[in-house]
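FYI, the numbering for the sequence shown is 1 to 235, going by the numbering used here.
For the record, the hints were derived by calculation from the structure and aren't laboratory data. Ideal Cβ positions, reconstructed from N, Cα and C, are used throughout, including at glycine. Among these hints, one or two may not hold up.
[As the list claims (entries may be wrong)] What follows is a set of in silico ranges between Cβ atoms, one per label pair, in the way DEER data are often shown:
hint	residue 1	residue 2	range
1	Ala-55	Asp-106	30 to 36 Å
2	Asn-144	Asp-175	30 to 36 Å
3	Lys-6	Asp-32	17 to 23 Å
4	Gly-7	Asp-195	39 to 45 Å
5	Glu-72	Thr-18	15 to 21 Å
6	Arg-201	Asp-106	20 to 26 Å
7	Asp-182	Gly-41	41 to 47 Å
8	Asn-171	Asp-32	36 to 42 Å
9	Asp-103	Gly-28	34 to 40 Å
10	Arg-109	Thr-18	19 to 25 Å
11	His-75	Ala-39	29 to 35 Å
12	Arg-44	Glu-24	20 to 26 Å
13	Thr-18	Gln-183	20 to 26 Å
14	Arg-66	Asp-103	40 to 46 Å
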Amino acid sequence: MKDAGKGPKAALYDHLKTSILTMELRPGDDLDEAGLSDAFGLSRTPLREVFRELAGEGYVELRAGRGARVSEMSHTTLRDFFLAAPMIYSAIMRLAALNATADQIDHLRAAQEDFRAALRDGSPADRALANNRFHEITGEMAANVYLLPSFRRLLIDHARIGMTFYQPRTNAMADNLSTASDQHDQIIAAIEARDPDAAARLADDHWKLSRDQIELFVMPGGLTAPLGTLPKSTA
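Turn these sequences into a full structure, and let the hints steer you where they fit.
Set out below in structure tokens:
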């Protein structure tokens, strides 16, 4: 469990982040403070510092007197996810095309190579993590102090509820994975060309590809509002 190449706090952070994104730790699971302390050789104070960092990023929830648990995914959070995701993804990609540095573009290409390798030979968890890293880099490119926290929070639930996307059950689902990878290449090209309109269009196409598959498994009943709009009041 512990990564010998990292300090114990960094190793614990990475372990919990990966376990949450890949659903090894399920939404609402309590974190075993004593077990994690023993496994990573951390006392209570640095352990809780890691918990606070993860809570600030949206991975865990801290409860007074009851310890930490993995962030929940309720019908309310899923509803908010489906409403907010297309707007935030589009804005992030537009800003990425405007602000990306040459080094960041190189990192994005490397992340895409990792994603392609995961599609060929990796597990569903490998694929989800590689895809998550690709999109994390686009958020770093956007470099917007207001959007980035919301985007990172979206990525957590996108990885968790999108695990089904990386376990294709039909030929059509497998084809979608190939299409997703091709869209990553197009996103890189649009960012490198400094074309924010093309990047935003690709963000919308990319979102729709995974949205349709995700909806088969997790769309809450009664959510009928079109994506990107707010439901009308029934009051």
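We went through each hint and held it up to the structure:
1. Ala-55 with Asp-106: 30 to 36 Å: 32 Å, holds
2. Asn-144 with Asp-175: 30 to 36 Å: 34 Å, holds
3. Lys-6 with Asp-32: 17 to 23 Å: Cβ of Lys-6 to Cβ of Asp-32: about 20 Å, so the range 17 to 23 Å holds.
4. Gly-7 with Asp-195: 39 to 45 Å: Once the Cβ atoms are compared, 41 Å apart, the range 39 to 45 Å for Asp-195 and Gly-7 holds.
5. Glu-72 with Thr-18: 15 to 21 Å: 19 Å, holds
6. Arg-201 with Asp-106: 20 to 26 Å: 24 Å, holds
7. Asp-182 with Gly-41: 41 to 47 Å: Given range 41 to 47 Å: holds, Cβ gap about 44 Å.
8. Asn-171 with Asp-32: 36 to 42 Å: 41 Å, holds
9. Asp-103 with Gly-28: 34 to 40 Å: 39 Å, holds
10. Arg-109 with Thr-18: 19 to 25 Å: Holds, since Arg-109 and Thr-18 (Cβ atoms, about 23 Å apart) stay within the stated range.
11. His-75 with Ala-39: 29 to 35 Å: 34 Å, holds
12. Arg-44 with Glu-24: 20 to 26 Å: With a Cβ separation near 24 Å, Arg-44 and Glu-24 satisfy 20 to 26 Å, so the hint holds.
13. Thr-18 with Gln-183: 20 to 26 Å: At 24 Å between Cβs, range holds.
14. Arg-66 with Asp-103: 40 to 46 Å: About 43 Å separates the Cβ atoms of Arg-66 and Asp-103, which means 40 to 46 Å holds.
In this structure, none of the earlier numbered hints is contradicted; all agree with it.
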